[in-house]
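*Asks:* With the hints as your guide, set chain S onto chain E.
Single-letter residue listing:
Protein chains: 2
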Amino acid sequence: MKIPTRLYLSEDEIPASWYNLRAFMKDKPEPMLHPGTLQPVTAGDLSPVFCDEPIKQELDDASPFIAIPEDLQVFYRAYRPAPLIRAYFLEKELGTPAEIYYKFEGTNTSGSHKLNSAAAQAFYAKAQGLNSLTTETGAGQWGSAMAMACAYYKLSLTVYMVKISAEQKPYRKALIETYGANLVSSPSPTTDAGRKILAEDPNTNGSLGCAISEAVEAAVKTKDCRYVLGSVMNHVLLHQSIVGVEAKAALDKYDVKPDIVVGCAGGGSNLGGLIAPFMGDRIAGKNAIRFIAVEPASCPSFTRGRFAYDFGDTAKTTPLVKMYTLGSGFMPSPNHAGGLRYHGMNPTLSKLYHDGYLEARAEAQTDVFDAATRFAKVEGVLPAPESSHAIKAAIDEALECKRTGDKKVILFGLTGTGYFDMSAYMAYNAKTMTDYIPTDADLDKGFASLPDIPQNR
Amino acid sequence: MKIPTRLYLSEDEIPASWYNLRAFMKDKPEPMLHPGTLQPVTAGDLSPVFCDEPIKQELDDASPFIAIPEDLQVFYRAYRPAPLIRAYFLEKELGTPAEIYYKFEGTNTSGSHKLNSAAAQAFYAKAQGLNSLTTETGAGQWGSAMAMACAYYKLSLTVYMVKISAEQKPYRKALIETYGANLVSSPSPTTDAGRKILAEDPNTNGSLGCAISEAVEAAVKTKDCRYVLGSVMNHVLLHQSIVGVEAKAALDKYDVKPDIVVGCAGGGSNLGGLIAPFMGDRIAGKNAIRFIAVEPASCPSFTRGRFAYDFGDTAKTTPLVKMYTLGSGFMPSPNHAGGLRYHGMNPTLSKLYHDGYLEARAEAQTDVFDAATRFAKVEGVLPAPESSHAIKAAIDEALECKRTGDKKVILFGLTGTGYFDMSAYMAYNAKTMTDYIPTDADLDKGFASLPDIPQNR
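Protein chains in written order, with my numbering: chain E, 29 to 485; chain S, 29 to 485.
Hints should not be assumed to be uniformly reliable.
Result set (DSS-like, lysine-lysine): computed pairs, CA atoms no more than 30 Å apart in a straight line [to be verified]:
1) Lys30/E - Lys182/S
2) Lys314/S - Lys120/E
3) Lys473/S - Lys344/S
4) Lys430/S - Lys154/E
5) Lys120/E - Lys30/S
6) Lys473/S - Lys281/E
Stretches of chain E that chain S covers, calculated by requiring three or more beta carbons in the stretch to come under 8 Å of a beta carbon on chain S [what the hints assert, rightly or not]:
7) 132–141
8) 199–209
9) 321–328
10) 442–450
Derived contacts from chain E toward chain S, CB cut-off under 8 Å, selection only [to be verified]:
11) Tyr36
12) Arg310
13) Gly313
Honestly, the hints are just simulated from the structure, not real lab data.
C-beta atoms are modelled at their ideal positions from N, C-alpha and C, and glycine is treated no differently.
Next comes chain E alone, as it looks inside the complex (with noise of 0.2 Å):
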């Protein structure tokens, strides 16, 4: 059968339910701990930060498959299915034998995957009968998909944004309030975590684990209003898992198997999503698929953290997760911009990296903007440098086959695209861009934050 360039699925097959890769699992991650009491967190303990579904979500790892409102499906129609692209000019670019294919996410307006949960956490939000919102964001995607998801329900949202990405990237700021979101940099003087972070460093940069802070306060602080997160739980990883259903669902039509899955890492919810049912089948021993975690040599959670017990955020509000990570006192260089700067990953796939099913690999910022640009010739599409780690690894893979002589299928997940990264494009083109590898002196400054509980002992 001639596969097409784009393998579209019809708006009756997108997915009416997620794929909960966890009930999937032999072994599965370890509970989140209450700060306090080092016992598994309940719902009632997560209940006036969280939505009230998304922790039933976060605590369950039975149900194979949950369903997709039907009022939330309507939204998913807006803008999925996502395209499936078989990457026939990268292939005859690189004169590799192997079958390249690409889940493409950036068809949406906030440019990424990240759309997929943040429709489903303001769709929960509204059902519950909230007014408002807390988010943070790091690079702008979540809290561009944040905006749209909270205009779409005409609910209030507050925006978090890690201040050195407001400065780069005020386009994506400006996204954010077109969208009618108020937009708040992180650190600020609007909540006690803020101010103290600027007591301590007014002209810091900001973090992801700071600007979580801020916004789980400010949560917790507001009548009617909750946090919502777009990675690193593990019920951002459930409804990403749309992505990887889709993206199976696609390649089954073909009867395409692939051998390799490769998707970029920073919270892992692109990654988590990407991989679901494909892992849920390897674990169940249908398949002998290799799956490849691209990370940031600049914030290389798993290449070089430690699978320890940790916050979620600089303030140590949050649970304790068992998790790779580099500490939530880690800080990447203000030099990469690259995102997927969080200092933590999901525990699902901590787990399973731990337990040997996935690999991971970190990649230096200039090689991954090499990738890009080569791919964007090409492929047409301009990727966000987060989804940029995805080809490299993929591009790496393909020419290994070339070597070989495999004829190997090989899919990886472009989360979006980079129409609000061009600052760091101009940088790449005038080759200032600089690549940052952390010290061990530089890691050991962030296991130093990480808390000294007998579980982690």
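*Replies:* Quick look at chain S alone, frame taken from chain E:
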């Protein structure tokens, strides 16, 4: 039949031929004239400037369908078919009984329909054995599209970008450079035309007419180089007919018959492409569609221009075209952020307007951004300012249906996205955006530049 939110065609249904609207017109547009002899131009007159096959297409008002070369169809498959979207969310927001559809051409990286003709022109240049091309760009969509097309076909490209646009849109500039094109801010000291204009007014904002003069001059002075243009010309409208043919095919699938077709109008490339097959049927008496062109009040060539022979550029080097024009000396105010700033209008559309087949209206830019923001919040897509002119008219027509109770079917062209127009959205959000409506005296200055030839008396 339930109509999906996105009416996708399959890859096999991408049109294999363009629709040459002129062949379906009983009264043809007037021929282009050589500015020296005032005789109709020949292919030989045009060949120093334009590529051979586009010249043939430019002069062909007899062939109803023109085949799209196979290799170009391969390029089209990288980003087509473009979605036709039922605006369910907008309909609900407006409370209108009308059905609203939009053909969305913004899913490719250049962000607009312009890539349809850029790909074709780059293909023909390559097929002709050329090494390089020159062009101009105003808002930057065309320059981005040509940069993508030339990257794909491995042609060298120089883009003369209107100075004020290059300043207002640094990221658009960066995008063009990322795809490997050489970008020159116009007017520039690199051409005679640029030097002359700079000598007269060193602080000029530049104009499309002036950038065209520079690009044409550079093309004729360079070996194996030609000039390409993204609007106004009939061969461009021919390439853009793929928009209308796809839209009609998707509507036909669901047996939907539009009552009103709306397109924004600058040089006419989108409008002419979108309406082509519908207008052909209208001329043959097969439908009674109302066609509405929407232009900016700051550059009102249809609604306040003259139907006269005029030059396409400021330096008065191009052939003379019979069109609605404000005069090649007209310059829209720099506060105009909405694109569509060319002084003239495609001759085929000018003829149709003159003969009563086409309506036109002009809109002020703050009203256009009101419509854009309203649309974005419910439909998700952040529209280009250009496209938003069509949104404004579509909303007005839908609200008229609400008043009268008519269940009309409205189709409009959503030509592109606004990701590179965030500075305009920032001005709109900050309420610092102003409107510019030229006075009659302002227009008279432009009309004074019209050539004084017998045909214009």
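*Asks:* Does each hint fit the structure? Answer for all of them.
*Replies:* Hints versus structure:
no.	hint	verdict
1	Lys30/E - Lys182/S	27 Å, holds
2	Lys314/S - Lys120/E	46 Å, violated
3	Lys473/S - Lys344/S	16 Å, holds
4	Lys430/S - Lys154/E	29 Å, holds
5	Lys120/E - Lys30/S	40 Å, violated
6	Lys473/S - Lys281/E	62 Å, violated
7	132–141	holds (count 4)
8	199–209	holds (count 7)
9	321–328	violated (count 0)
10	442–450	holds (count 4)
11	Tyr36	6 Å, holds
12	Arg310	31 Å, violated
13	Gly313	35 Å, violated
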